[in-house]
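Residue numbers (our numbering), protein chains in the order written: chain A, 1 to 326; chain B, 327 to 666.
Simulated from the structure, these hints should not be mistaken for laboratory data. Among the hints, a few may not be true.
[As the list claims (entries may be wrong)] Over 12 angstroms on every C-beta distance to chain A, these chain B residues come out as not near it, computed from the model:
#1 Gln411
#2 Ser434
#3 Leu584
#4 Arg586
#5 Arg606
#6 Pro608
#7 Asp647
[To be verified] Selected chain A positions facing chain B (Cβ under 7 angstroms, derived; list incomplete):
#8 Arg8
#9 Trp66
#10 Ala230
#11 His242
Just so you know, these numbers come straight off a predicted model, no measurement behind them. Every residue, glycine too, gets a C-beta built ideally from N, C-alpha and C.
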Amino acid sequence: MFPFLVRRILWAIALFLATTVITYLIFFIIPADPAALACGKACTPADVARVKHSLGLDLPVYQQYWNYLVRLLHGNLGTSFVNRQSVNHIIGSTAPVTASLVFGGAIFWLLLSIPLGVYSALHPRSVGDRAGMTFVLFGISAHPVWIGLILSYIFGYVLRNFVIHTPIAGYCEAISPPFGSSCGGPVQWAYHLILPWTTFMVLFAALYVRLVRANVMETLTEDFVRTARAKGAGESRVMVQHVLRNSLLPVVTILGMDIGLALGGAIFTESIFGLPGLGRRVLTAYNQNDLPVILGVVVFATVAVIIFNLVVDMLYAVIDPRIRLA
Amino acid sequence: MTAILQVSDLKTSFRTDDGIVKAVDGVSFSVDKGQTLGIVGESGSGKSVTSLTIMGLNDKRAATSSGSVVLDGTEILGVSASQLQEIRGTRMAMIFQDPMTSLNPVKSIGWQLAEAVLVHNDVTKKAARDRATELLEQVGIPNSERRVDDYPHQFSGGMRQRVMIAMALINNPDVLIADEPTTALDVTTQAQILLLMKRLQDEYNMAIIMITHDLGVIAEVADDVVVMYGGKVVEQASVGELFDRPQHPYTWGLLGSLPRLDSRADRLEQIPGQPPSLLRPPTGCAFHPRCEFVFDRCRSEVPPLIDFGGANHLHRCLLGDGMRQEIWAKKKAAMKVEAA
Chain A
1 MFPFLVRRIL WAIALFLATT VITYLIFFII PADPAALACG KACTPADVAR
51 VKHSLGLDLP VYQQYWNYLV RLLHGNLGTS FVNRQSVNHI IGSTAPVTAS
101 LVFGGAIFWL LLSIPLGVYS ALHPRSVGDR AGMTFVLFGI SAHPVWIGLI
151 LSYIFGYVLR NFVIHTPIAG YCEAISPPFG SSCGGPVQWA YHLILPWTTF
201 MVLFAALYVR LVRANVMETL TEDFVRTARA KGAGESRVMV QHVLRNSLLP
251 VVTILGMDIG LALGGAIFTE SIFGLPGLGR RVLTAYNQND LPVILGVVVF
301 ATVAVIIFNL VVDMLYAVID PRIRLA
Chain B
327 MTAILQVSDL KTSFRTDDGI VKAVDGVSFS VDKGQTLGIV GESGSGKSVT
377 SLTIMGLNDK RAATSSGSVV LDGTEILGVS ASQLQEIRGT RMAMIFQDPM
427 TSLNPVKSIG WQLAEAVLVH NDVTKKAARD RATELLEQVG IPNSERRVDD
477 YPHQFSGGMR QRVMIAMALI NNPDVLIADE PTTALDVTTQ AQILLLMKRL
527 QDEYNMAIIM ITHDLGVIAE VADDVVVMYG GKVVEQASVG ELFDRPQHPY
577 TWGLLGSLPR LDSRADRLEQ IPGQPPSLLR PPTGCAFHPR CEFVFDRCRS
627 EVPPLIDFGG ANHLHRCLLG DGMRQEIWAK KKAAMKVEAA
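Isolated chain B (complex conformation):
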């Protein structure tokens, strides 16, 4: 299977008053049709900027990007604004974190959905509106015929995220980028939205890039996972590999901070310290100030992305293979993942 979206050595930096911020620093991954790639990391890890760069939505006055983004065989990084507009909403669509603010408050949702149809297709307003109603129906909004004329404030958060999904899918895109689509929703609604996205992914056979800070969401929907820290990929593997044999101390920390019903640990593990400043990143490994297994080389050497076990499992840790397996075995036991 060929990848529908191939991102290679993507770098994005922002010019600010205090200096250059390297928000994304050499990220590579690919997604196949019908597959879901999860990008996980904490605030400021560069996961959102990665997605905005792919969509070409960064502020052009402040951001510069390099590398390559190939969509279905065509390079789209750095193409003209009008070419990007043609791609956005048709080949690639995006949904955002906060459904409360992502819809225009003074336009009916029918208008906003129809707009997505009308900017790309030469159809009548009536046809666009019918398509809008149809999509609302598909994402599970009851009485869609009537609700199409309602305004965003007349919908709940979960319903608005459904509207956002309907808007993203209305032109049948190849790739859907979801930037923390469930973060602002309550837990039951989260599950419904994830389920809906999975169902629609099967129907439309699209690739999904799911950006989240929640490994629970990753476990639920992703096929492959990219773990980002300080603008770099620190670990990259299939979801099974990542949960079974994580190789990077940061990933261990993320897994340890995940609450589990089958764990008898009294306290969740936490990663001490703050995410690194992207303006003045730490020398060597960006994670070293927070890493409990830090040694001399970590402070001076930027670890390369190296292969582990040959199963497309990459990581950026300088600890020896044997040492890492030993530590993970101990951690796993401590977390009591294997419930008694």
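Only chain A is shown next, with the shape it has when bound in the complex:
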């Protein structure tokens, strides 16, 4: 276990350096002047030069990168070029929004896709299976922006006079809402996230239905399933103890990777529903050439992916006896 962890962490560091270097390079290839943008339209060239100096943009690229790494080692992601806000603070306030969206969405897509996938696998070519497969096709093809707009139209406008209407924008803090915010508490938090969760999960639910269906169908043909039946085990027992346990192993791997990836920001969903998450924040930062914020989000996303992959690997060793980390 220990050598495995060391190896993985070394890999993580290499991966991390590569991602930040690439982000840095892309940023300097873009022909834009962040100093001029940060300074504003009324600035004279002398003002711009002063801003450039104070942001450290007059140093050579490698020097800037080095300074960035050193600050990072001290846990400091830097400050925004545009509004001088600490990036740590920006990430700290936007990441919970994205995490709420991603984890909530993941729970919903698992609750939907596992039963649907299992049902489809057990009744191939039935009406239910065909309906499920139609949903899969829809979920994979439909763009989240379109889904979000349709849902907003139905639940926010058409049904506005009914009990089941939902908010179509905004975010409420579940715990300790800031002073002056219009809403707060877990109920309002969930209420405002219903449509975003639904929009966000459709694609994943569709992919997972197909994954679960294929895995269950394959496991059903395994010899050990026949062995279980031959010893007189009932169908439900065969399903739960022998089929599901084996067919959900690959789902764990993919779930870990998908969650890690999605934590980098669900740009579309956050944009449609006005959620102040990482995705929307990074979009603003791109428009303003705000490198420290972009890098902050990239660093956060990289770390999320690395951590979730590590968690999956370790979880796998627990749930699959064939795998021993060495």
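Fit chain B to the known structure of chain A by using the hints.
Frame of chain A, contents of chain B only:
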């Protein structure tokens, strides 16, 4: 002695996209307690489907069966799923060809053995586990006390087949169906597994149905033999009769393709051609396209199962008695079975 398992006119067909496949077509046999029936035939002869039909393990959506399977006086073909579950694992058990894939990879073997006890008996988990350890001991797994918690991948193929046998015998069944239990194992392990099955058969006094394509295995363990071809029984006799006086050209071919140390023949005989398509079986005798003694009647007439010599020796060949004895005598000489 009354038969513990009596199979009569068993037929199983599968609905496929290309049409109906008659996998088993009118098979009858019986086995007594403590006796072993060998079913031999090549791939697609219907021997495995026969055993799965007896166990009720065919996919119900695709397979239909008719005929009769009587276990200890009770008809079990076509009974409800819950009745079948009660019979499976207690009265009848089965072991399979590939021990590498027949065990659940994510459950310890102790768990899998105990499951067989727990689904049929109202006992504590501890008791089930003790029984599992005891059975592992009986099938010759060293350190069974410790190994009961190991997972399938920690065992070799031979050891896994021992585990499968332990699992099959854990509820003391009347009938054990073994579907090519030694095919996936190396030769020395094969011999050990066959020996183990024989020993346990004496201890438990159970009937064994041994399905194999290997006449060597049949000679080793069987009391009676059923030779299957294209879903039908082509010859049926006691093992001594079958090896001494085989009556069907297909059986001759099988015997000729068996390597023998006491034979000086340079080459083994082979049966030319492919097994018949069950979707579009040949007219007349299913074996006629591959038979070297084929004549006109074989192409149009389905030969009935006829008695030879009155000693419960049945065969499905249209050649005259005298002709068959002559051919077999020549074949036997050519094989130089009687070693010089």
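A quick look at each hint next to the structure:
1. Gln411: violated (5 angstroms)
2. Ser434: violated (8 angstroms)
3. Leu584: holds (28 angstroms)
4. Arg586: Non-interface label on Arg586/B holds, nearest chain A Cβ at 33 angstroms vs cutoff 12 angstroms.
5. Arg606: holds (26 angstroms)
6. Pro608: Non-interface label on Pro608/B holds, nearest chain A Cβ at 30 angstroms vs cutoff 12 angstroms.
7. Asp647: holds (42 angstroms)
8. Arg8: violated (23 angstroms)
9. Trp66: violated (49 angstroms)
10. Ala230: Status holds, d = 5 angstroms.
11. His242: holds (5 angstroms)
In this structure, the earlier hints numbered 1, 2, 8, 9 are contradicted, and the remaining ones agree with it.
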